[in-house]
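Asker: Take the sequences, apply the hints, and build the full model.
Residue numbers (our numbering), protein chains in the order written: chain Z, 3 to 224; chain B, 46 to 286.
Since no wrong hints were added, every one of them can be taken at face value.
To be clear about the criterion: a stretch of chain B counts as covered by chain Z if any three or more of its residues have a C-beta under 8 Å from a C-beta of chain Z, and this derived list gives those stretches:
1) 109-116
2) 139-151
Residues from chain Z that keep clear of chain B, each with C-beta distances beyond 10 Å, as calculated:
3) Arg82
4) Ala118
5) Asp183
6) Pro205
From chain Z, some residues computed to sit far from chain B (all C-beta separations above 12 Å):
7) Ala14
8) Arg37
9) Phe168
10) Glu190
11) Glu193
12) Gly194
13) Glu212
Rather than coming from a laboratory, the hints here were simulated on the basis of the structure. Note that the Cβ used here is the ideal one computed from N, Cα and C, for glycine as well.
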Amino acid sequence: MSGAAAALLVLADGRFPAGGHAHSGGAEAAVKAGRVKDAASLGAFCRGRLHTAGLTAAALAAAAAAGHDPLALDEAADARTPSPALRRTARKLGRQMMRAARATWPCPELDALAAARPRGAHQPIVLGLAARSAGLTPLDAAHACAYENISGPATAAVRLLSLDPFDATAVLARLAPEADDVARRAVEAAEGDLADLPAASAPLLDITAEAHATWPVRLFAS
Amino acid sequence: MHLDHELDEKFPHRHTYSAAHPQRPDGTRRALRIGLGGPVGSGKTATVAALCRTLRDQLSLAVVTNDIYTREDAAYLLREAVLPPERITAVETGACPHTAIRDDISANLEAVEDLEDDLASQGAGPLDLILVESGGDNLTATFSKGLTDAQIFVIDVAGGDDIPRKGGPGVSTADLLVVNKTDLAPYVGSDLEGMARDAKEQRGELPVIFQSLRGEPGVGPVADWVRAQLADWTGKAAHAA
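Answerer: As structure tokens, this is what we get:
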């Protein structure tokens, strides 16, 4: 019995204690600007995020799960994250993911990355290594990462807009085929050269993340 | 399939992050961590400020605040200058203050460890005590044992004298229940004796302190309780080392 299928559920569970609950994935800034105001606009926001930041993150996770050098991937992640605020967020969440991963699926590779990046590596890389340590495949890691990229904003929108939670969850269900597709593309990209990993980004997410980081009053850390 | 004790032997660090261990990963003694929780406006931050003023000359201490949507509490402590800024840090909780102290404690553990590491690297020596203040929440909020060694639940007489009777995890199980603002009792018609009776009913032998920060002895009895916790814990840590 490998337990791999259930291990993926544990890793992708929104209750996995790795700090995600305090982050909105840009949804708080989008809600404030009036761009996300109901289930339909949440769906559009999540779709945009999935195919840009989501694809880039999923490919990094898949590459880490496939055994690529995590430090080289960490540099690749920096190169793909122009916003200093989002770099800080990615490393903060990576550190929190590292703590949870070392308690749940400890392995020497996680130890080595924690020693090399005590203040945190980019979160998708730690997630990918955690998946590897749990006996999961690069495709599993990409799925977990892609799903998290849209489930975070959806949960945040429920809190920010008092959105009907059934509607928000239906948004995620409708996006499932696209999330599968993004995960598949991420794995294909991770099989090639590191320099060719996807570098898709959403400039508005980068810009609003910088502004959000300066807000004196906010519900979410990012 | 790995057995858990086998993992423990190969990866001893896997539990050393949690409050269960009296030592930091490098083998040095870590600070005692005491959580303060309770409803909004009950006087958690005022109690933390008073504890800092009372204990700061005898102990090396620091504070982690968990604000709901601002940095108000940390800003208040900084403004009041109860501790130097490098000894106060704020955690953001994403609209769920109880999650950050109970279900997913990773951000708070990092804040605690960073305070210990940063102060040690600045030559300030080891910390004795870290107070972790939760964001104002409801009566069900409790601290994970993975985060704090002991917890204080702060309620106040103006929030309704039926709160001890209602119970809930905070009132019933906290290591110390503080009933704050006793000076207001005559003005809001709260029955202190009834509150004491109800608290006793809910808590058995667990201690309850009625406190007013507006006169003597102020935070003194709570500070004494904290000192006793620290003495007890330091003894245990020495024994374990």
